[in-house]
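> Residues per chain are reported as follows:
2 protein chains.
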Amino acid sequence: MKKFQVVGIGNAMVDVLARAEDAFLADAGVQKGIMQLIDMDRAVDLYARVGPAKEVSGGSAANTIAGIAHLGGQTAYVGKVKDDQLGAIFAHDLRAQGATYETSLAPKTEEAETGRCIVIVTPDGERSMNTYLGVTEFLTADDIDDAQMADAEWIYLEGYRFDGPESHAAFAKAIAACKGAGGRVSLTLSDPFCIERHRNAFRDMVRDHVDLLFCNRAEMLSMYETEDFVAALGKSAENVPIVACTDSENGVYILSGGQRWHVPAVPTEIVDATGAGDLFAGAFLWGLTHGHALEMCGKMGNVAAAEVISHIGARPESDLKALFAAQGLL
Amino acid sequence: MKKFQVVGIGNAMVDVLARAEDAFLADAGVQKGIMQLIDMDRAVDLYARVGPAKEVSGGSAANTIAGIAHLGGQTAYVGKVKDDQLGAIFAHDLRAQGATYETSLAPKTEEAETGRCIVIVTPDGERSMNTYLGVTEFLTADDIDDAQMADAEWIYLEGYRFDGPESHAAFAKAIAACKGAGGRVSLTLSDPFCIERHRNAFRDMVRDHVDLLFCNRAEMLSMYETEDFVAALGKSAENVPIVACTDSENGVYILSGGQRWHVPAVPTEIVDATGAGDLFAGAFLWGLTHGHALEMCGKMGNVAAAEVISHIGARPESDLKALFAAQGLL
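The listed protein sequences correspond, in order, to chains A and B.
First residue of the first sequence: 1, per this note's numbering; consecutive thereafter.
First residue of the second sequence: 1, per this note's numbering; consecutive thereafter.
Same chains, same label: a pair holds when it works inside one copy or across any pair of copies.
Using 20 Å as the maximum straight-line C-alpha spacing, the simulated DMTMM-like pairs for lysine to aspartate or glutamate come out as follows:
#1 K3 / D143
#2 K321 / E21
#3 K179 / D208
Keep in mind that the hints were calculated from the coordinates and are not lab data.
Sequences are here, hints too, so could you generate the full structure?
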């Protein structure tokens with residue numbers, strides 16, 4: 001019996017959520033609907049231009065881990081923050097959700113700060129993310145505790161971390177420790193542009209190490225450099241034992257052992273799309289580590305995704321288990 | 001023509017909003033429904049005990065000023081923050097709302113941090129506030145710019161600041177500068193326990209200087225040390241040209257020039273009561289400085305209060321002018 005069902009590794013970020021009209025995005029030079037990396041100067045400039053904001057803990061893998069912890073799963077998280085106020089907020093919110101988070105804080109003297117993501121939410125609920133990585137960029141193999149990885153049924157790797165050269169080594173170390181102890185590896189592709197930047201590294205990892213792949217349609221197409229979604233799904237299923245590919249309002253496609261399931265999305269009004277994929281993965285992994293069949297895991301993922309996009313912020317605010325029960329899933 | 005319609009002076013705070021059951025309040029020694037002052041050690045301890053939270057700019061008078069600015073009024077705010085991340089958040093959110101906020105930042109070397117209020121919201125929507133004042137405690141007469149106060153049609157003073165000994169002098173300086181230039185003085189009583197701590201100072205100021213008094217029923221009763229609400233209202237009206245006293249779901253009582261109006265509340269589901277009084281005052285002052293009659297100002301105040309209690313956070317998220325128009329007030 002391992003201590004952790006899932007240990008996540010990713011970018012530790014506080015989200016700065018502001019609403020704006022589409023015209024603002026064009027004026028401010030923000031690309032709609034994707035994640036763009038920005039430096040501190042740009043972060044200061046952009047922050048000065050957006051309206052009043054709310055600060056909530058974010059980070060893709062951290063949202064996933066918070067979702068699993070919310071459901072009662074045993075989880076831990078690895079991601080770097082600084083010894084500053086935003087770092088304290090990030091750490092508090094993970095621990096308060098029940099996740100284990102023992103991080104080596106970057107000291108106050110370090111120039112870079114805790115990472116933040118200025119998320120601009122347009123009236124259609126779409127989020128355009130502007131990420132200042134800060135100290136989370138410097139996650140290295142030294143931050144990986146072999147014993148923790150060996151004590152995980154699953155590790156969950158955030159594709160965004162491919163943007164950090166030293167994080168490739170961190171992932172390799174985590175994979176070796178986890179698999180060496182009989183654990184399994186899940187990965188989220190995170191973003192089509194991140195895949196473009198690091199396609200070969202993604203493909204190698206998916207082929208050689210990944211047991212469960214999370215992605216959305218755009219990421220899947222980018223990964224296999226095709227416009228043929230069915231073909232891309234097929235290719236991924238040749239490489240990976242379990243694939244869960246979300247397709248917005250069309251729901252999710254799950255492929256495993258030659259079988260394929262389509263699970264329709266749960267209709268909901270989109271207030272803020274931030275965290276939909278993260279919470280899908282969280283509920284899916286919770287289901288999987290609690291003995292549920294893959295199709296049921298997909299249903300749970302869709303319910304959790306619908307909850308998180310119905311409000312501002314990327315972590316659950318309603319009791320997900322109660323929602324599962326209301327849908328007849330528990 | 002003065003530059004500012006309203007200049008507010010108060011505690012500059014970031015709210016840390018967390019949900020909890022009533023049982024948590026008893027376990028954690030938090031008194032329900034009121035504001036309690038806590039030190040940094042208690043703030044750290046309490047924060048460690050609450051669940052995941054959201055950070056949003058707060059501060060009673062700052063919420064009022066943000067509300068007036070949201071409505072398009074010309075405003076400025078005076079309150080102390082530190083040169084830290086929470087201070088930057090507070091400053092950003094006020095400026096982004098359109099308020100003037102030129103503050104002398106407490107330096108990074110200062111031990112105290114930017115103030116914060118751990119607001120615990122129970123299922124009934126009631127908020128129990130735990131305030132670490134931080135550097136905002138040290139607002140002094142030096143922070144008051146006579147020219148700015150002279151350029152204000154109204155100043156708006158936050159009763160909570162009576163907890164800071166040097167802030168009495170700051171208020172006196174602001175009042176003298178404002179009144180000396182023909183401006184008027186409004187005050188919010190803030191909290192019944194704050195009144196208990198400083199009843200004589202409150203009474204003297206109300207009698208000698210205040211042109212417009214905002215309070216709620218409990219504060220009014222505490223101020224005049226009586227259980228007779230009608231008698232207390234009458235007493236206040238003898239001292240102050242305009243009194244606006246809110247009474248939760250019973251609406252608001254407005255007294256002026258021997259007349260009295262009762263304006264019913266706008267029915268709404270309470271999600272988070274934080275900021276109801278602040279936004280009432282904001283909309284009331286906006287109405288007053290834009291030529292509306294007192295009863296109409298009360299109606300606007302009630303609409304704004306209903307908006308702010310319908311969501312988490314103490315500042316408006318919907319277009320208040322559109323809501324006024326929908327209610328036939330504009």
